[in-house]
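Number of protein chains: 6
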Amino acid sequence: MPIVQIELLEGRTYEQKKAMVEKVTEAIMETAGAARENISIIIREMNKENYATAGQLAVDKNK
Amino acid sequence: MPIVQIELLEGRTYEQKKAMVEKVTEAIMETAGAARENISIIIREMNKENYATAGQLAVDKNK
Amino acid sequence: MPIVQIELLEGRTYEQKKAMVEKVTEAIMETAGAARENISIIIREMNKENYATAGQLAVDKNK
Amino acid sequence: MPIVQIELLEGRTYEQKKAMVEKVTEAIMETAGAARENISIIIREMNKENYATAGQLAVDKNK
Amino acid sequence: MPIVQIELLEGRTYEQKKAMVEKVTEAIMETAGAARENISIIIREMNKENYATAGQLAVDKNK
Amino acid sequence: MPIVQIELLEGRTYEQKKAMVEKVTEAIMETAGAARENISIIIREMNKENYATAGQLAVDKNK
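Residue numbers (the working numbering), protein chains in the order written: chain A, 1 to 63; chain B, 1 to 63; chain C, 1 to 63; chain D, 1 to 63; chain E, 1 to 63; chain F, 1 to 63.
Take the hints with a grain of salt, since some may be wrong.
The list cannot tell twin chains apart, which means a pair is met if one copy fits it or any two copies do.
Straight-line alpha carbon distances no greater than 30 Å define the calculated DSSO-like cross-link-like pairs of lysine-lysine that follow [to be verified]: (1) 48 <-> 18; (2) 63 <-> 23; (3) 63 <-> 48; (4) 63 <-> 18; (5) 61 <-> 18; (6) 48 <-> 23.
Hints in this document: simulated from the structure, not taken from any laboratory.
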């Protein structure tokens with residue numbers, strides 16, 4: 001605890017994900033006073049056919 | 001907001017998913033009074049080895 | 001299956017939630033071809049101190 | 001209901017998952033008094049690039 | 001890891017929840033080969049107005 | 001998108017949550033290249049009877 005789940009569209013590189021978990025962990029340590037080793041982060045990557053806003057799939061945006 | 005997460009077994013077509021996010025968005029707009037552009041939908045597809053009911057994996061049903 | 005999780009800000013009435021689960025169930029039946037009795041819906045209501053967009057808590061919007 | 005979501009690192013075999021859903025279902029039946037047919041379990045498998053603890057991706061542990 | 005999220009209708013006692021997390025942890029240790037200290041369990045309790053099956057809120061069943 | 005869900009034990013103040021969503025949003029903007037207005041954060045607070053590690057409820061730790 002805390003447990004963080006980050007849903008985002010697929011396509012980020014390994015380096016981006018590495019930096020993201022480090023920075024998000026620091027952000028939570030600093031503000032919520034949680035210990036570093038207690039923070040878990042799950043990244044869920046989605047393809048554009050599986051995410052929609054305003055009733056439209058991401059894959060159909062800008063067609 | 002609202003954020004909708006739909007877990008379902010893999011196998012739906014692009015057209016089915018396209019229609020589903022449109023209809024679910026309309027259903028929520030109509031009943032919860034949310035604005036179209038504020039509604040996000042995440043679809044998570046599972047294979048039959050990763051979903052179980054009554055203690056049995058879906059892949060083992062009807063064997 | 002399908003399992004739907006709907007996160008939204010607290011404040012909807014019982015009647016709104018009743019209509020929402022009915023309409024969302026119908027939307028999924030019609031488009032994903034799922035049987036009515038197989039569709040589960042979880043509604044999670046959040047207060048404005050527990051939801052943020054663009055780095056700002058909902059409770060702080062329009063202050 | 002109950003609905004169980006189990007996040008774990010990928011790599012378990014079909015037999016392990018089969019045994020896990022059976023045992024977890026029994027555990028919940030016994031302790032929460034839920035009926036077997038009402039218990040659903042979703043297994044989400046993650047690769048080591050998508051899970052982090054203490055600010056570090058699992059793929060980078062023990063490098 | 002593993003991280004378990006259990007959604008269930010409110011009303012279980014402290015003793016039931018205590019026994020449930022113990023038994024579910026053992027079930028996962030035994031079958032998925034996870035270490036006890038690595039297993040986290042989140043219990044989310046819902047009221048009957050926030051859970052629906054077959055398009056009907058749990059609070060409306062058996063009315 | 002991205003959508004972040006943060007599960008943590010209840011007890012953080014409004015100020016802590018305000019700072020946390022700001023810092024987590026910045027962390028994700030900087031590393032995943034997401035636009036500020038596209039980042040949503042859900043905070044779910046749990047009481048100690050609803051969270052367990054190593055088979056033991058948080059409320060029972062240090063008894």
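Hints, one by one, checked against the model:
no.	hint	in the structure
1	48 <-> 18	both (22 Å within a copy, 11 Å between copies)
2	63 <-> 23	between (34 Å within a copy, 20 Å between copies)
3	63 <-> 48	within (13 Å within a copy, 33 Å between copies)
4	63 <-> 18	between (32 Å within a copy, 14 Å between copies)
5	61 <-> 18	both (29 Å within a copy, 12 Å between copies)
6	48 <-> 23	both (26 Å within a copy, 18 Å between copies)
Violated hints for the displayed structure: none, as all numbered hints are satisfied.
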